[in-house]
Every structure is written in structure tokens, then in C-alpha cells.
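Chains as they are written, first to last, in my numbering: chain W, 1 to 351; chain C, 1001 to 1080.
Keep in mind the hints are simulated off the structure, nothing from the lab.
Backbone N, C-alpha and C fix where the C-beta goes; we use that ideal spot for every residue, glycine too.
Below, in silico cross-link-like pairs of lysine to aspartate or glutamate (EDC-like), each with a Cα-Cα straight-line distance of 20 Å or less:
id	chain 1	residue 1	chain 2	residue 2
1	C	Lys1065	W	Glu209
2	C	Lys1054	W	Glu242
3	W	Lys310	W	Glu46
4	C	Lys1022	C	Glu1058
5	W	Lys246	C	Glu1035
6	W	Lys240	C	Asp1042
7	W	Lys310	W	Asp169
8	W	Lys4	C	Asp1061
9	W	Lys240	C	Asp1056
10	W	Lys240	C	Glu1062
11	W	Lys6	W	Glu209
12	C	Lys1065	W	Glu3
13	W	Lys21	W	Asp169
14	W	Lys171	W	Glu49
15	W	Lys246	C	Glu1037
Output of the computed footprint for chain C on chain W, the stretches with three or more beta carbons under 8 Å from beta carbons of chain C:
id	region
16	140-152
17	201-209
18	231-238
19	243-252
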Amino acid sequence: MKEKVKEIVQAIKKLTPKKRKIKIMNVCGSHEHTITYYGLRSLMPENLELVPGPGCPVCVCSESDVINAIELSKRPDTILVTYGDMLRVPTRIGSIRSNGGNYRMVTAPHEVIKIAEENQNKLVVFFSIGFETTTAPTAAMIEAGIPENVKILTSQKLTPEIMEVLMNDSKVGVDAFIAPGHVSAIVGSNAWRIFPEKYGIPTVVAGFEPQNLLLAILRILYQIAEGRAEIENVYRGVVKPEGNRKAQGLMYKYFYKTAVNWRGIGYIPNSGLEIRPEYSEIDAKVFFELPEIEEEKVPGCICDRIVLGKAYPNECKLFSVACTPRNPKGPCMVSVEGACNIWYRFGRNER
Amino acid sequence: MCVGVPMKIVEIDYPMAVAEAKGVRRTISLMLLPENEVRVGDYVMVHVGNAIEKIDREAADEIWKALDEVLEVLDREEED
Ligand code: SF4
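So here's chain W without its partners, still in its complex pose:
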């Protein structure tokens, strides 16, 4: 395996243009984890930049959604249920955990059902956050049938759509994408077609081990060298061109595409999913008449720019000084998928 890695790295060095910079963006916390943990940046030639993009769902949950979740957890008649990473996300009123309300952590949506059955005198609100890989499981949970006392607070985002926003932002300047393997398993590798076809951006679907990621980088460089822009898939055995049709069907049975609020960034048209009006009886936003709260930015935090690939974590003045995983100031330091958190833990090799 080591030999193979060496070979790939050498080929990468050979193929990277000498006269221009190439910026390859990953849009997946697990990719950034592999890149940083294995120090892949330090293996790259000078002209090749690996930049993390919007791969952390926890980081882009709007402050409004988190504050609403906190307020719900403090009502005497509710239990707020969500994924562990969400519990410590900071807002102007603290985090779900620091507010000490009624909250539970789950690792799968179907665990919400059990909590609801055990607490029939309470309303159980599932704070469903994430990209396609968590949205489809939430849809599956609804499809399987949920008790009447379950409500869903959505903060669901779409990956291809946010990537397209980056394409239209001249300050980002991405030359190629490494597409996330598991999101691709749901949406299909064809979902990225727009990037090569409309924007001329090579896009390669990759898995999560270092050799596979390096291979994706190499494939991108071949495309650039040969003046091609195509979809390629090096995460074989998991991702199909058309994706998981049943999962897509369930997602759009219960949710519809609409403008949603990204933390630090604002509303982006068609970039997320909300519960269809036909199912509004399970929609916590409707049921509790939740307000949309205007965001207050965390002073000094540049998480929004990091998420869009415009800055690296160590460009933030608070990084590892005032902001650490134990005492996170911004959302990118909380989640194990957040670039700041990953760089803090393993970022010895960044440049």
C-alpha cells in the first residue's frame, strides 16, 4: 500500500502545472479529516491547494434554528432530540447543552420513535439537521410511521446546490471538486454533472481512505492536463451514477426544495429542504409557530468564510487561542466535521 501511495504522490507532483495554482475543494468533513489526519497537504506540490468547503452540516445550521431548538428544549412539555454534534453549537444564548433543558442525543432517527413511545405525555421534537445523508434517514423514519407526539424541526441542506453557489462566487476560484462519497451514494454521481458540463470543473467522487483520496486528486490532474472536465468515480462498489432512487423518492415525498438559511451566509435559494405543507402536522416550525430570528454573528469568527473555502482555520485570530474544541466560539470548532475542529486536532501539517 505504501508503494502505491508513493507512486500516486509522484504522479501528482509530475502532473501539477508549474506555472499556475490548482485549487481542489472537498465538500465533506470526512474527506477533510482524512486529508488533515494523514497530512496529505504536506505531500502536495506547492502549486496544488486542497481546500475544505461546505462539508460540515453542523457548521451551517442557522443560529435561528439552533435558538429555536434551545427554546423548545426548555418547554416543560417537550423533549428535544438531536445528533450529538448539535448539542454544543454556540449561539448568543449558549448551546442546547449549556441551557440544561430537556434534551436527548440519538445516533439514528429511528431511536426518536422509542423516546416518543416512552414519553407519551411529552412532545418529542427531532431536530433533523444535515445534508442528504441524514435527510434521507429522516424521511425513512417518517415513512415507517411516527407516533403523534413526534414533531420534526428541520435544518436540512443540499450539497450540489451549495457547490453551485461557490461556482458563481468569483472569490472562491475552485478548479476541481472531490465529491463526497456517501452523499453521492444517495444523490448519484450524475448529480454533479452540472459542474463539468456547465462550469468545466472536473469532479471526482471519492471514498474516505487516504489512497482513494489521492487517486481522486490524480484523476483530477489528468483531466486538467488533458483539458477534460468529467465526472469520475473512484469510490467503486458504493456509488452508482443514478444514486439511491428509493432514498431520493422518500426525501421528496416528505420534503421540498426551498431557500434555507445558512449560518453566517444567509438565505440561499433552493439550497435546502423543508417539510411539505401536506405534512405540516409533523412540522415543528408550523406546530410551535417558531419565529425566524435574525442572526447575530460571533465576533471574530470567520466560520462562514471557511465553509465557503475563502479562508483556512488558522487565518482566524481566535483559532486555538480563544476558540478550542473544549471552549468553541463558533460552530466550525464544535463538530468533528468542522474544519476548525479537525485542524485543531490534527492540523500539524497544514500550510
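Given the coordinates of chain W, work out where chain C with the ligand should sit on it, guided by the hints.
Only chain C with the ligand this time, still in chain W's reference frame:
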């Protein structure tokens, strides 16, 4: 949250199933796959307790090997 784990199906009561990875058993949902697509003994990629895709054994083994190290680190972090 987005870490996917390959698991082997040991019991099915559709849409739920029991799956196993490295000796750890977990109840998962098969709702995202068509009912007759997976059988006991098959491997699936599991995300937040849901099988999102059927995979072959080779792919599962490969991914497990790579994941071992990563998961160890994440577990340690979460206990913190
Ligand atoms: S280090 Fe903390 S404050 Fe700075 S951008 Fe990251 S999360 Fe925000």
C-alpha cells in the same frame, strides 16, 4: 455524523434489521432500500442507522480497514 460504516446483515424484520460490524450489533433501518434487495449475510453501508446502499464484501473489507483508525480517533474525541 457523516461517517458511514459498512455492516453485515444478521437478521431482517423489514424495514428494521440487525447488523453487525466488528462484533458490535446494532438495529438499523432498511427503509431506504427496496424490500427484497438485501438478505441476511449481505453487506450494506450504514449512515445514522440507515442502510443507504448495498455493497459487496470486498468493498466492505476495504472500507473497514481504512475506517479502523479514523473511528478510534473519533471515539476518543466524543468521550472527551
Ligand atoms: S476558530 Fe472558532 S472562532 Fe475562529 S472561525 Fe473557527 S469556529 Fe469560528
